[in-house]
Every structure is written in structure tokens, then in C-alpha cells.
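Engineer: Each step along the sequence shown adds one to the number in full-length UniProt numbering, with nothing skipped, and position 233 is 233.
Hints in this document: simulated from the structure, not taken from any laboratory.
Any given hint could be a false lead.
As the list claims (entries may be wrong) - Derived Cβ-Cβ restraints for the label pairs, each shown as a range:
(1) K159 / D54: 21 to 29 Å
(2) G262 / G156: 49 to 57 Å
(3) G35 / Q98: 47 to 55 Å
What the hints assert, rightly or not - Capping the alpha-carbon separation at 30 Å, the derived lysine-lysine pairs in DSS-like fashion look like this:
(4) K129 / K274
(5) K90 / K129
(6) K2 / K90
(7) K18 / K222
(8) K2 / K18
(9) K18 / K277
(10) K23 / K36
(11) K42 / K129
(12) K90 / K36
(13) K279 / K36
(14) K287 / K102
(15) K287 / K2
(16) K42 / K287
(17) K2 / K159
(18) K274 / K90
(19) K2 / K46
Where a beta carbon is used, it is the ideal one built from N, C-alpha and C, also for glycine.
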Amino acid sequence: MKIIITGSLGNISRPLVKQLAEKGNDITVISRSSGKVAEIEKLGAKPAIGDIADHDFLVRTFTGADAIYLMIPPSYQAEDMVGYIADSGKIYADAIAQSGVKRIVALSSMGAHLPLGNGPLSGLALAEKHYAELKDVDFTYLRPGGFFTNYLAQIGLIKHAGIAGDNTLPETRFLITHPADIADVAADAILNPVSGNLVRFIVSAEKTNEEIASILGNAIGKPDLQWVQFSNEDYRNGLLQNGFSASAAQAFIEMGEAFRDGRGFAEADSNPDKIVKGKRSFEDFAKEVFSPVYNQ
Numbered sequence: 001m002k003i004i005i006t007g008s009l010g011n012i013s014r015p016l017v018k019q020l021a022e023k024g025n026d027i028t029v030i031s032r033s034s035g036k037v038a039e040i041e042k043l044g045a046k047p048a049i050g051d052i053a054d055h056d057f058l059v060r061t062f063t064g065a066d067a068i069y070l071m072i073p074p075s076y077q078a079e080d081m082v083g084y085i086a087d088s089g090k091i092y093a094d095a096i097a098q099s100g101v102k103r104i105v106a107l108s109s110m111g112a113h114l115p116l117g118n119g120p121l122s123g124l125a126l127a128e129k130h131y132a133e134l135k136d137v138d139f140t141y142l143r144p145g146g147f148f149t150n151y152l153a154q155i156g157l158i159k160h161a162g163i164a165g166d167n168t169l170p171e172t173r174f175l176i177t178h179p180a181d182i183a184d185v186a187a188d189a190i191l192n193p194v195s196g197n198l199v200r201f202i203v204s205a206e207k208t209n210e211e212i213a214s215i216l217g218n219a220i221g222k223p224d225l226q227w228v229q230f231s232n233e234d235y236r237n238g239l240l241q242n243g244f245s246a247s248a249a250q251a252f253i254e255m256g257e258a259f260r261d262g263r264g265f266a267e268a269d270s271n272p273d274k275i276v277k278g279k280r281s282f283e284d285f286a287k288e289v290f291s292p293v294y295n296q
């Protein structure tokens, strides 16, 4: 099977490429960086170096493929973050239509059912509208919760302030997902295709922020680590100081509010039969990934 993987060798794409290549598939990995060529080839795949904003490049790369794993790379410096995501979906959709590929596995997210008021996830909802206009193309939408690896962004705050936090409450419930569990579901969806448009929610763990802080704290020798809710303004300032554009900072504030009041998980909660349970635990992630990075 000829398969195109977008997302270079990120947290999902790398284990996905490895799985698919080991099964003898013909894999091409799209990356913006020529520095990734050797790594891609080492995994048994072929590199396609180019920009996903380049329509002609995408058409050339997509043409002849049996399936595409589609993801929109984040851009925290975008002047209009939601618009960037929606526009990227339009570029992908146009390239899919022109190349004639009929099977797409698209990375989306819990919360992408909300076309307004959910920051970057609303951008994904708008991208999905572009995909929905394609005729005779089968889509499987992967809707994981927040990635385990997102919590690596808390390391600076923990080291400098001794706390973890954002604009959600300590008791806010989160459905979270290991990227490798997403890769497992993506591989299955590619290799065992079904007709039509499907949604798969992927959940590795369900935790409150308090539980997340405790697990991370225990892994790094700080068992009293607390999750602190910041005001939207303080959270915005922290994001801006970390290089986010004003648009991206506002988008993350909206996303936090949507998950804080439960809107972000409403679609998954209403469709328990579509939830795929991941195999990997947050506790193991904290010990095996978070702690080593923290202690570098």
C-alpha cells in the first residue's frame, strides 16, 4: 500500500511510520526540513521535502497514494491561528480533490465539534467543513484528548514557580491521550479501511488537573506539586512571554474555557461507543518521559 504521512516525524507520525514501514508498505513522509531526510530513510520511508502551503507540491506528492494520514502542524506565531488552521484544511482538500486520493485518516481533536469559541479546535472544525465538500472520499477523523506530551510545556513553570497550571481549575476533568496510542488507531484505520466518514475518539486516561499535577510531581520528586488556575489575563501574558502570537494566546484561552465548562468533551461523552481506549498510562509517561526531560 502506498501511504503518505504528513507531520514529518512528530510524536504521532514517527511511531506511525515505523508501524507501517515494518509491515512492508510504501511510505512517503512530508517534512519541511531537509534535515529530516536521513531519519526518514532510516525508518524505511521516503522523504518528500516541501511546504504544506504549496498546493502543487501536495498534488505531486499525493497523486497515486492509496491513503493519506493528514495533520495540520501547529503554528503558535500565526497572526490568525484559527484562520491558519482552516486555510490549511482548504489547501489539503483542494490537493486531495486534484490528486484523486480516496482514503484519508485525519488527525482532529476532541472539541472539534465546536465551530466557534474553542480556539484552535474550532479551526479544525472549519477544516473539516472543507473536507466534507469532497466527493467519494472516505474519511476517518481521529479525535484524541490532549496529548500527554503537552504537559512537557509545564516544565518551565514548575522549575521557576514550583507550580503547574493554566486557566482551567484544579478539579477540571481531562481526557488525555498518548501520541503512540493515536498512532496505533491511525495505523489500524489506514490498513483496515472502511467506507464512509467515521469518528474515533482516543482516550488513554481520564484525570483531573489535581491528579495530573500529583502524578507529575511524584515522578520528579515534588509530591506536593499543585495545579493553579490563572486568570485569563495572567495566562495570556504567560503565553505571550513564551512566543505565542496574540491570536494564538486568545485561542488557547478559549480552548481552556471550553474544556473547563465541559463543552470540549461533550461529543465524546455522548458517543461512548466510538471511544478507543489507549494502552499507555499517564503514570508511565510521567516516569519514562516527563521526568527525564525535566531532569535534563
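Engineer: Confirm or reject each hint.
Structural biologist: Cross-check of the supplied hints:
Checked against the hint of 21 to 29 Å, the C-beta distance between K159 and D54 comes to roughly 39 Å, which is inconsistent with it. Distance hint for G262 and G156: a CB-CB separation of about 29 Å, inconsistent with the stated range 49 to 57 Å. Distance hint check: the CB atoms of G35 and Q98 are about 29 Å apart, inconsistent with the given range 47 to 55 Å. Distance check on the hinted pair: K129 and K274 sit about 21 Å apart at the alpha-carbon level, within 30 Å; holds.
Taking the CA atoms of K90 and K129, the gap is near 9 Å; set against the 30 Å cutoff, the hint holds. Note on K2 and K90: the hinted pairing holds, with a Cα-Cα distance of about 23 Å set against a maximum of 30 Å. Between K18 and K222 the CA atoms are separated by roughly 35 Å; this puts the pair beyond 30 Å, and the hint is violated. Distance hint between K2 and K18 is fulfilled; the C-alpha atoms sit about 14 Å from each other, no more than 30 Å.
A hinted pair counts as satisfied when its Cα atoms are at most 30 Å apart, and K18 with K277 qualifies at roughly 21 Å. Distance restraint check for K23 and K36: the Cα-Cα separation of roughly 22 Å lies within the 30 Å cut-off, and the hinted pair is therefore satisfied. Among the hinted pairs, K42 with K129 is inconsistent with the structure: their alpha-carbon atoms are about 36 Å apart, more than 30 Å. Annotation: proposed proximity of K90 to K36 holds, straight-line Cα distance about 26 Å (limit 30 Å).
Under the criterion of a C-alpha separation no larger than 30 Å, the hint pairing K279 with K36 is consistent with the structure, at around 29 Å. Using a Cα cut-off of 30 Å, the hinted pair K287 and K102 is violated, with the two alpha carbons roughly 41 Å apart. Restraint check for K287 and K2: the C-alpha separation of about 37 Å exceeds 30 Å, so the hint is violated. Annotation: proposed proximity of K42 to K287 holds, straight-line Cα distance about 28 Å (limit 30 Å).
For the given pair, K2 sits about 45 Å from K159 by alpha-carbon distance, which is inconsistent with the 30 Å threshold. Note on K274 and K90: the hinted pairing holds, with a Cα-Cα distance of about 26 Å set against a maximum of 30 Å. Proximity of K2 to K46 is assessed by CA-CA distance (about 11 Å); at most 30 Å being required, the pair is judged to hold.
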